[in-house]
Amino acid sequence: MRTVDLSKTSLRELNHDLHRQSSGANEMHWEVINPMGLHAVAVGVDAPIQVDIRGSVGYYCAGMNKHATITVHGSAGPGVAENMMSGKVHITGDASQYAGATGRGGLLVIEGNASSRCGVSMKGIDIVVKGNIGHMSAFMAQSGHLVVLGDAGDALGDSIYEAKLFVRGSVKSLGTDCVEKEMRPEHHKELSELLAHAGVEDVKTTSFKRYGSARKLYTFNVDNADAY
Amino acid sequence: MSYQNPPTTPRKSATFDDYTLSEIRRAAQTGIYDIRGGGAKRKVPHFDDLLFLGASISRYPLEGYREKCSTAVTLGTRYAKKPIELKIPITIAGMSFGALSAHAKEALGRGATMAGTSTTTGDGGMTPEERGQSQTLVYQYLPSRYGMNPDDLRKADAIEIVVGQGAKPGGGGMLLGQKISDRVADMRNLPKGIDQRSACRHPDWTGPDDLEIKIQELREITDWQKPIYVKIGGTRPYYDVALAVKSGADVVVLDGMQGGTAATQEVFIENVGLPILACIRPAVQALQDLNMHRKVQLIVSGGIRNGADVAKALALGADAVSIGIAALVALGDNDPKHEAEYQALGTTAGAYDDWHEGKDPAGITTQDPELMSRLDPVKAGRRLANYLKVMTLEVQTIARACGHNHVHNFEPEDLCALTLEVAAMARVPLAGTSWIPGHGTGGF
Numbered sequence: 269m270r271t272v273d274l275s276k277t278s279l280r281e282l283n284h285d286l287h288r289q290s291s292g293a294n295e296m297h298w299e300v301i302n303p304m305g306l307h308a309v310a311v312g313v314d315a316p317i318q319v320d321i322r323g324s325v326g327y328y329c330a331g332m333n334k335h336a337t338i339t340v341h342g343s344a345g346p347g348v349a350e351n352m353m354s355g356k357v358h359i360t361g362d363a364s365q366y367a368g369a370t371g372r373g374g375l376l377v378i379e380g381n382a383s384s385r386c387g388v389s390m391k392g393i394d395i396v397v398k399g400n401i402g403h404m405s406a407f408m409a410q411s412g413h414l415v416v417l418g419d420a421g422d423a424l425g426d427s428i429y430e431a432k433l434f435v436r437g438s439v440k441s442l443g444t445d446c447v448e449k450e451m452r453p454e455h456h457k458e459l460s461e462l463l464a465h466a467g468v469e470d471v472k473t474t475s476f477k478r479y480g481s482a483r484k485l486y487t488f489n490v491d492n493a494d495a496y
Numbered sequence: 050m051s052y053q054n055p056p057t058t059p060r061k062s063a064t065f066d067d068y069t070l071s072e073i074r075r076a077a078q079t080g081i082y083d084i085r086g087g088g089a090k091r092k093v094p095h096f097d098d099l100l101f102l103g104a105s106i107s108r109y110p111l112e113g114y115r116e117k118c119s120t121a122v123t124l125g126t127r128y129a130k131k132p133i134e135l136k137i138p139i140t141i142a143g144m145s146f147g148a149l150s151a152h153a154k155e156a157l158g159r160g161a162t163m164a165g166t167s168t169t170t171g172d173g174g175m176t177p178e179e180r181g182q183s184q185t186l187v188y189q190y191l192p193s194r195y196g197m198n199p200d201d202l203r204k205a206d207a208i209e210i211v212v213g214q215g216a217k218p219g220g221g222g223m224l225l226g227q228k229i230s231d232r233v234a235d236m237r238n239l240p241k242g243i244d245q246r247s248a249c250r251h252p253d254w255t256g257p258d259d260l261e262i263k264i265q266e267l268r269e270i271t272d273w274q275k276p277i278y279v280k281i282g283g284t285r286p287y288y289d290v291a292l293a294v295k296s297g298a299d300v301v302v303l304d305g306m307q308g309g310t311a312a313t314q315e316v317f318i319e320n321v322g323l324p325i326l327a328c329i330r331p332a333v334q335a336l337q338d339l340n341m342h343r344k345v346q347l348i349v350s351g352g353i354r355n356g357a358d359v360a361k362a363l364a365l366g367a368d369a370v371s372i373g374i375a376a377l378v379a380l381g382d383n384d385p386k387h388e389a390e391y392q393a394l395g396t397t398a399g400a401y402d403d404w405h406e407g408k409d410p411a412g413i414t415t416q417d418p419e420l421m422s423r424l425d426p427v428k429a430g431r432r433l434a435n436y437l438k439v440m441t442l443e444v445q446t447i448a449r450a451c452g453h454n455h456v457h458n459f460e461p462e463d464l465c466a467l468t469l470e471v472a473a474m475a476r477v478p479l480a481g482t483s484w485i486p487g488h489g490t491g492g493f
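Going line by line, the protein sequences match chains A and B. Sequential numbering from 269 applies to the first sequence in the working numbering. Sequential numbering from 50 applies to the second sequence in the working numbering.
Hints may contain errors.
Here are some, though not all, of the chain B residues that point toward chain A, as calculated from beta-carbon distances under 8 Å [to be verified]:
{"#": "1", "residue": "ILE106"}
{"#": "2", "residue": "TYR109"}
{"#": "3", "residue": "ASN198"}
{"#": "4", "residue": "ASP231"}
{"#": "5", "residue": "ALA234"}
{"#": "6", "residue": "MET236"}
{"#": "7", "residue": "ASN238"}
{"#": "8", "residue": "LYS241"}
{"#": "9", "residue": "ILE243"}
{"#": "10", "residue": "ALA248"}
{"#": "11", "residue": "ASP258"}
{"#": "12", "residue": "ILE262"}
{"#": "13", "residue": "ASP272"}
{"#": "14", "residue": "ASP384"}
Calculated from the model, a selection of chain A residues having no Cβ within reach of chain B, i.e. all distances over 10 Å [to be verified]:
{"#": "15", "residue": "SER275"}
{"#": "16", "residue": "LYS391"}
{"#": "17", "residue": "LYS398"}
{"#": "18", "residue": "GLU430"}
{"#": "19", "residue": "LEU442"}
{"#": "20", "residue": "ALA464"}
Keep in mind that the hints were calculated from the coordinates and are not lab data. We treat Cβ as the ideally placed atom computed from N, Cα and C, and that holds for glycine.
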């Protein structure tokens, strides 16, 4: 395991060294200490390596991640795992706004709460939040899954496309064109697999409700103008 | 015998002109606003009302075809390890695959490469055709993030964070369902055939402090190799340029209201934003006030048509210009040879702007296989290269006449204005006077 102390090594050097693992990884396990809330820690990683960040990070940690398993042992600032392509990002604390924004693949697990706009414009990523999520989460969400074990704030899934939302707690309000949908057997199976992948045990899929697009705004119609 | 008034000539209202009346009827019939492509069509103060003061006794000219007049431009010298080197100060603006056909994108890449300049992706990601044919490719980072991925980010030669564009500053986009082919849908992670909204704001940052952090992230992902541009629509150019510089931009792209869009509301295009002429001097002023003029490069766009426009933009302080509509015309857009088909679509060559409908007879703004096949990317690329070369020769012609051996040696003192409005906006004297409206006596 290689340990990088961000109080002694520059962020640029850390990210550069992580990027070098793309061409034949020779160091499979990395530990980052003293992240000091820095922004853009472990961004653009493109190798099946493990990165453990000991402490809280600022904006965009693990942005555009591919293949790597990145764990933040602390909380994450805005835009954690933004535009993630694959791999896994795990936050042991809370996450700020825009967690998993525009993510295209991989799994983001947040042990605590996520703030507003969690999963905004998501494009294939799977997000599992064990706590609550804030308002306008899954805004314009295109595809992928957002699983929330706690409650969801206002305007969940506003202008949603084909992403699937599963919420166990309450939903303060649904956004435009987002509706509750039937939990059919395939959805229980899907959700069960997501929970297992995220390490969630002892939670029944029957305790969740499913939300998704009513698909009424997919083609512009002036009679729907009041919805905007 | 009764008296009869002599007849008067029927008089139409200047306020309710034919176009206005037709728009009222159209709105009443359809219940939806008019959506179209292109930029502002209304007449706005533009480069036409600027003239160059050629050399005479007080300045001497350079010999055409003999004395060198350089046109090379370097972009992204502030932070990027690998700045962009262009042979000419004219770049190709961002236009999406989706709005344009793959052949059209390929043709833009071919033409730009032949002329030694860059082309730019758009709101649909990077296609292999485009990357393959573009020696220098700028990758747009847009609010929708359609197709965004780190591999293409690293394949790009520069990254352009799009905050806004001149045709619709503050607005998002809409690609209507009829243009969403399987390939377009796949690149955007959306179902085929549905309208695709492009967001008006970025999903994971708001404001200049966040933008600074976003730029840092993109630099970290690309190991500080690529220049990072910030593109803004012309509205408050002084403050927006200053904030882009503060946020860490290497290059600022400033787009006026004549700049085109693939599709948005007519009311938006014609009534929001500023003409590019009104934007350049405040933008340059912001750079100068921050001691960043020529350190952060300024690219301006919106209504650039010929070498004179380029020269005038450079004289007002820009480092380069960008063209979109003019490039499409060079490829074959709105060509009168398709007049019968334009007529069938209820329009005429030169006025066709329903690019969002995907029925372009020229095969450029379409995803229809039959229409697309009409555009030969090799021949169209050649036409674009020819056009870019002509523009460059025109710039050089004017530069030499003004005594400049590099196009960046143009200065506002090379210009005068024919109208009060243009004199005030360009901050150059009214022709034949030393008066710069709003700026005291000015003077040479």
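Status of the hints after comparison with the structure:
no., hint, in the structure
1, ILE106, "55 Å, violated"
2, TYR109, "50 Å, violated"
3, ASN198, "6 Å, holds"
4, ASP231, "16 Å, violated"
5, ALA234, "11 Å, violated"
6, MET236, "11 Å, violated"
7, ASN238, "4 Å, holds"
8, LYS241, "11 Å, violated"
9, ILE243, "4 Å, holds"
10, ALA248, "7 Å, holds"
11, ASP258, "10 Å, violated"
12, ILE262, "5 Å, holds"
13, ASP272, "6 Å, holds"
14, ASP384, "30 Å, violated"
15, SER275, "18 Å, holds"
16, LYS391, "4 Å, violated"
17, LYS398, "22 Å, holds"
18, GLU430, "6 Å, violated"
19, LEU442, "19 Å, holds"
20, ALA464, "25 Å, holds"
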